[in-house]
Amino acid sequence: DVKVTQSSRYLVKRTGEKVFLECVQDMDHENMFWYRQDPGLGLRLIYFSYDVKMKEKGDIPEGYSVSREKKERFSLILESASTNQTSMYLCASSSLLAGGLPNEQFFGPGTRLTVL
Amino acid sequence: GQNIDQPTEMTATEGAIVQINCTYQTSGFNGLFWYQQHAGEAPTFLSYNVLDGLEEKGRFSSFLSRSKGYSYLLLKELQMKDSASYLCAVRVYNFNKFYFGSGTKLNVKP
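Chains as they are written, first to last, in the numbering used here: chain C, 2 to 117; chain Z, 22 to 131.
So that you can see chain Z by itself, here it is in the shape it has in the complex (with noise of 0.2 Å):
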């Protein structure tokens, strides 16, 4: 099966910086998508890897090994507005499906 882990809650400081790490187990990997949802909003996509190691994206980047099954989402400058569940998603070649985390709640604080 396919299993996808992530922790449920964080709390950071605003202009502090966060990772927020995903683990996966799964067959058939080709890429791992990260998505930010704010509470009662559709997910919206901030990033993705396909191969190993860094992707940045002005305040975020995301990082990918693919040999430990693990993925990073690196926020920066953390702001008010940064308050939201953060999705990580693995694509695999079984039909090109998509295999979803269960979400991390961040919580920014002033």
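This is chain C alone, in the form it adopts within the complex (with noise of 0.2 Å):
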């Protein structure tokens, strides 16, 4: 069975911590992406990385970073945590389609953060 993993399912920070959230995929994809998914938005692409040590911005990379030392593990860190970045927190993967195309992807369970 295919899995997806993230490190907390829900996680309190306070004002300007640095906050590091883990996903681990076991399924050997090339792809991994963060996400955010707040009420009425829908799911926002934060960063993605389509092989080790490689990263490209999403849509809303102010305020983030990722790191992709390996190929199972895809880490965003918030540099230092605000209010507006309380939010579910989704990481996915995806294998690769012929051509380079993503295919459809997986994503772990979402770690929900509160920044107070």
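Treat the hints as calculated values from the structure; they're not laboratory data.
Only a predicted model underlies this, so the values are computations on that prediction, with no experimental measurement involved.
Don't take every hint at face value.
Heads up, simulated SDA-like pairs for lysine to any residue below, C-alpha to C-alpha not over 25 Å straight-line [as the list claims (entries may be wrong)]: (1) LYS118/Z x LEU97/C; (2) LYS72/C x ILE61/C; (3) LYS14/C x ILE61/C; (4) LYS130/Z x GLY61/Z; (5) LYS4/C x LYS130/Z; (6) LYS56/C x TYR114/Z.
Two chains, two separate frames, one set of hints: put the complex together.
Printed below as a string of structure tokens:
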């Protein structure tokens, strides 16, 4: 059974703290993604990675950074957490189709982050 | 920019058929995906279209018209467990990114 796991289901942090969200996939997928999901806004892409040590900005990268040192692990870092980063964070991975297109995504269970 | 629209909420009756629409205005379109998301859970993949026409997978079918920027997800023989949000996502050529609609919450009533 394929699996994407995230380090925490719920997390509460204080403004200004550095926050690490970890994501691990066991499917040997090339692509990994970080999204945040807010009511009425859908899933918005923060960063994605198509290979080890490679990263690309998504639509809302400000205030975030990422790290991919190993193929199976993709970390999201909030450098200095702010209250407007309170959200549900979803990690996903996908394989590559012929031609380099990403296939359907497999999602982790999500981390609900609250910044006080 | 990229724009994907879905109805916010729909209600249907158990055993019925429901159609959830998705319209998009994107540049570099190269595929449309549908996901199901139960409350508090992760989205799971349902269906995928890259060419025009209908894709059928059991009780679920998805249709795409690229010229109209339109897709729909058709759910037949509705069951209570189909109560969930349904997300439409467009894949674009620009770094092969995905853009999601805000989702349609489907309520299935007895």
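Tested hints:
no. : hint               : result
1   : LYS118/Z x LEU97/C : holds, 12 Å
2   : LYS72/C x ILE61/C  : holds, 23 Å
3   : LYS14/C x ILE61/C  : holds, 20 Å
4   : LYS130/Z x GLY61/Z : holds, 20 Å
5   : LYS4/C x LYS130/Z  : violated, 32 Å
6   : LYS56/C x TYR114/Z : holds, 16 Å
Violation of the numbered hints given earlier is confined to hint 5; every other hint is satisfied by the structure.
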